[in-house]
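Asker: Residue numbering for the sequence shown follows our numbering, starting at 1438 and increasing by one per position.
Accuracy of the hints is not assured; some may be wrong.
[To be verified] Computed cross-link-like contacts, SDA-like style, restricted to lysine to any residue with a CA-CA straight-line distance of at most 25 Å:
no.	residue 1	residue 2
1	K1568	R1578
2	K1740	L1721
3	K1590	V1580
4	K1688	A1573
Derived from the structure by calculation, the hints contain no laboratory data.
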Amino acid sequence: SSSKTATDAPVTDDNSNSNNNSHNGNEKQTSENENKNGSRESNNNDNKQAVASSSSPSHLNHNHKIMNNKKKVELREKLKQLALTNRNIVLKGCGNWRCTNPVCKSNIVNQAQTYDDVQASKLALKMIKEKHKTCASFENRSVVPLHYELVAKFVSLDDNDDKTQAQTDADAADHKQLIVDAFLHWDVLYESFTTDKSVCADDIAIDFHALDKTFEALMQKESLCQDVIDALDTSITTYLRTLKSHDENHKITLNELRALIILMDCPLVLSEDLAYHGTLSRMLSIFEEINNVDFRSIKVIHKWLSSYGDLSRL
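Whole structure, please, built from the sequences with the hints as guidance.
Answerer: Here it is in structure tokens:
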């Protein structure tokens, strides 16, 4: 009995220790689980607080202000760029000589119009305020080139002795105006007497046969000649004023130079008649001014003239 008790005693102690260890382990696990759960609850609470904070009126107002400020900056930059674009349209033009935008410098009606920086800026801002359309939104100016058939038709209508035909007189007046317009608005000459080539620094691209034939027909009508001279006096004066208003960086287009050469071939400009001497003198003033503001253009003219096949034309 004593031996049995001695043998059982250690077993009881070991079980007790084991139970204690197990209990301690369970308590430790429970504590760890509680800590984890507490941590999760803490994190969840933090997240809820963060969500609540982000959705609070003050936070939403702050985000709204940031977005509004960003949009204001973007809008301000957009308006600034639009104002610069409008200034260039007013001061330099879009480059399309047939443009009909009423404020564009390329529009032929604005060739003599000049603006200083303040005026240009005010007009640019006015264009923004009035939501002015771009140049591309306007239709191109319709142009009827100067050609022999146009002049010949006028001569035949004007020579009609049957003055009872009012329609004939009206047609003659319309044809006459189209002819005079070519000398008043030189952009008409850009598309007159063309060849199968485009004008370039190496080729003036003028059909001289068609040009000579047209000017010969024009010289048959004295009344038409006088109207052409009057138109040239106006257009030459306007073009000279425009040239003098340009800065030193201005470049004259090849179409402009080509139109000047066509006009120099007109008998009314090169006439020996003293009555037309003033016209020739002002034309020569134009070339002198071109020499001052854009000598590159003079070199192009020299190259064109040197390639003339008919030396008598020179």
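Asker: Are the hints correct? Go through all of them and say.
Answerer: Status of each hint after checking the structure:
no. : hint          : result
1   : K1568 / R1578 : holds (22 Å)
2   : K1740 / L1721 : holds (18 Å)
3   : K1590 / V1580 : holds (18 Å)
4   : K1688 / A1573 : holds (23 Å)
The structure meets every hint from the earlier list without exception.
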